[in-house]
Every structure is written in structure tokens, then in C-alpha cells.
Amino acid sequence: GNSVTQMEGPVTLSEEAFLTINCTYTATGYPSLFWYVQYPGEGLQLLLKATKADDKGSNKGFEATYRKETTSFHLEKGSVQVSDSAVYFCALSDGGATNKLIFGTGTLLAVQP
Amino acid sequence: GAVVSQHPSWVICKSGTSVKIECRSLDFQATTMFWYRQFPKQSLMLMATSNEGSKATYEQGVEKDKFLINHASLTLSTLTVTSAHPEDSSFYICSARDRRRSGNTIYFGEGSWLTVV
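Going down the list, the sequences are from chains A and B. Under the working numbering, the first residue of the first sequence carries the number 1, and numbering increases by one thereafter. Under the working numbering, the first residue of the second sequence carries the number 1001, and numbering increases by one thereafter.
Calculated directly from the structure, the hints in this document are not laboratory data. Don't take every hint at face value.
Residues of chain B placed beyond 10 Å of chain A at every Cβ, according to the derived structure [to be verified]: (1) Gly1053; (2) Asn1070; (3) Thr1075; (4) Asp1088; (5) Glu1110; (6) Thr1115.
Listed below are the simulated DSS-like cross-link pairs for lysine-lysine, each with C-alpha atoms no more than 30 Å apart in a straight line [said to hold, decoys possible]: (7) Lys1055/B / Lys56/A; (8) Lys1066/B / Lys1020/B; (9) Lys1055/B / Lys100/A.
Ideal Cβ placement from N, Cα and C applies to all residues, glycine included.
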């Protein structure tokens, strides 16, 4: 079945460091891929998405490219801020009738000043 | 923007009792809502898909009689954990799809912590 694997955390970085959170997926067909972020005490929010191969999703300085050949959707940011501290979830949707989302385990990012 | 609200944010109940969690879409109508649970350091696991006016569709391995889902209106879905036991302690999150928007525009609630003692 469809699944998402993302790197375990926590990831601890200093402010302005480069961030990469790896995400790979297994799916039949052509899923849409997402990154969600959960800030402390809040619900999940969509950070970015890509719906087809080679698409690049971007938002708030974060980017991720849909790589079909490596079945990956790694999240990157060139310079993290303390306010980026949160849990990041990679997810896919197979685009079926219900558009169910399948999530990875989440990666906690802690950015230190 | 669209907001999905869950209530309560956290609840403690005694073993054997039932507890209800509400999920409301505050400024849009949601024909479909989803219920997830999350164990510590694990992923969100989809429990069921709730469709307004019809029975919920449960994922494999989720007990229908234990996790009762009602989606009585376009803005409210409820999850009732019946005869709760300590192993039901978890973080429950709902999400709702905005029917006005095409594609996978889904908004999540803040989640509800359930502790069964």
C-alpha cells in the first residue's frame, strides 16, 4: 500500500543554518505530495504541495521538489529561524475519491538562537 | 481563513466511560471530515472518513462500535470513544475538506488529547 517515510528527529539547528528533512514515498500511480507543519499548540497547516513529477512546492522560504525517479520530496530551507521550530509532516494523497492523506511520522525541528 | 475547531482540547476520563470529541468547521461547509489518531513519536493514523448524512467509512482495524462517528451537519462531526480504556489514550485530530475548493484543500483542527485513567 501507499506509505511515507521521513527522517526521524529531533533535528536541532542553529539560526540561519540550512535545513533538509528527507521524505520518501511508496505509491501506485501518481500521488500528490505535501508538507504540513504543526506549531506548538496549533493544528496542522499545509506548508506546500506538489501535484506532479518535477513540480516544486514553495512557501515561507521552504521548498520541496517532487522527484519521481527517487520517489522523494525532501523539504529544504536555506536559512532557518527560531520561529520555524515545529513538527513537520510529509504526506501523500493518491487522489482517489476521498483524497485521503497518508502521513509520515513527523520530524521535530528545534532551531536555537 | 478557514478554521477547524476541536473541543475539548484535552480530556481525562475514567476507564469504562465514554467521551465525545467535536470537530467543527467554523466558516465553511465540510461534506467530508477525517479523524486521525496519533501515538507518541508515531505518524497520524487515519481512523475514518466521515461524510455528512451518511455512515462513516472506517479504516481497516478500527473498531466501529468503539469509535462512533456522527456527521450530522455540514459543519460538525463528532467522535465518541465508547467504554474507554487506557490504551485509547492518544492524540485525536480531525480535518475537514472545504467543499468550495477543488483539489485536496483540507484544514486540520488543533487536536484533542485523551487520557483514560
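Hint by hint, here is what the structure shows:
1. Chain A leaves Gly1053/B outside its interface by the beta-carbon criterion, the shortest separation being 15 Å against a cut-off of 10 Å.
2. Under the 10 Å C-beta cut-off, the non-interface status given to Asn1070/B relative to chain A holds; the minimum distance is some 18 Å.
3. The claim that Thr1075/B is not at the interface with chain A holds, since no C-beta of that chain comes within 10 Å of its own (minimum 16 Å).
4. Every C-beta of chain A lies more than 10 Å from that of Asp1088/B, the closest at about 20 Å, which supports listing it as non-interface.
5. The beta carbon of Glu1110/B is not kept farther than 10 Å from every beta carbon of chain A, the shortest such distance being approximately 4 Å.
6. Every CB of chain A lies more than 10 Å from the CB of Thr1115/B, the least distance being 17 Å, so the non-interface label holds.
7. About 38 Å separates the Cα atoms of Lys1055/B and Lys56/A, which puts this hinted pair outside 30 Å; it is violated.
8. For the hint linking Lys1066/B to Lys1020/B, the alpha-carbon distance of about 12 Å falls within 30 Å, and the restraint holds.
9. The hinted pair formed by Lys1055/B and Lys100/A meets the criterion: a straight-line CA distance of about 17 Å does not exceed 30 Å.
Hints 5, 7 from the list above are not met by this structure, while the remaining hints are.
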